[in-house]
Amino acid sequence: MYCSNCGAKVGDSKFCSNCGMEQKRSTQNTNDPFAYQYQKQAEPTSNAALILGVISLFFSGIILGIVAIVLSFRPEAKNATAARVLGIIGLIGGIISIVLMIVLSATI
Numbered sequence: 000m001y002c003s004n005c006g007a008k009v010g011d012s013k014f015c016s017n018c019g020m021e022q023k024r025s026t027q028n029t030n031d032p033f034a035y036q037y038q039k040q041a042e043p044t045s046n047a048a049l050i051l052g053v054i055s056l057f058f059s060g061i062i063l064g065i066v067a068i069v070l071s072f073r074p075e076a077k078n079a080t081a082a083r084v085l086g087i088i089g090l091i092g093g094i095i096s097i098v099l100m101i102v103l104s105a106t107i
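End of the sequence shown = 107 in numbering that gives the first Met the number 0, gap-free, step of one.
Worth double-checking, as some hints may not be accurate.
What the hints assert, rightly or not - Pairwise CB distance ranges (calculated):
| hint | residue 1 | residue 2 | range |
| --- | --- | --- | --- |
| 1 | R73 | I95 | 23 to 29 Å |
| 2 | L103 | N78 | 34 to 40 Å |
| 3 | I97 | I50 | 21 to 27 Å |
| 4 | L56 | M20 | 54 to 60 Å |
| 5 | A81 | S59 | 16 to 22 Å |
| 6 | T80 | Q22 | 46 to 52 Å |
| 7 | S59 | S104 | 15 to 21 Å |
| 8 | T106 | N78 | 39 to 45 Å |
| 9 | T80 | S59 | 21 to 27 Å |
None of these hints come from the bench; they were simulated from the model.
Every residue gets a Cβ at the ideal spot worked out from N, C-alpha and C, and that includes glycine.
Start from the sequences and build out the full structure, keeping to the hints where you can.
Here is the structure:
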């Protein structure tokens, strides 16, 4: 082991023989390859559901809203609630826009 202050070799002693700095021992076992916890990466479909939910707010809300809602029910969906809510809002917005187009075109 080396001194964190001056870089001199200290071995197992508590203080550095070169500069006198106290050596703090790490409690983590650095030789254990499994010491770090595995962090699962997000599935592509979980991000796709969220992205489709956001896009459904502006473009083709009926189609993309339904796809976002369906993808949000997959078990690996990380942002499932947000994707589901955005998909529902996009779906409702698409239905309202179609109803408004029909009503406004009938009045002209």
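Self-check item: Violated hints, by number in ascending order, as checked against the structure
Solution: Every hint satisfied by this model.
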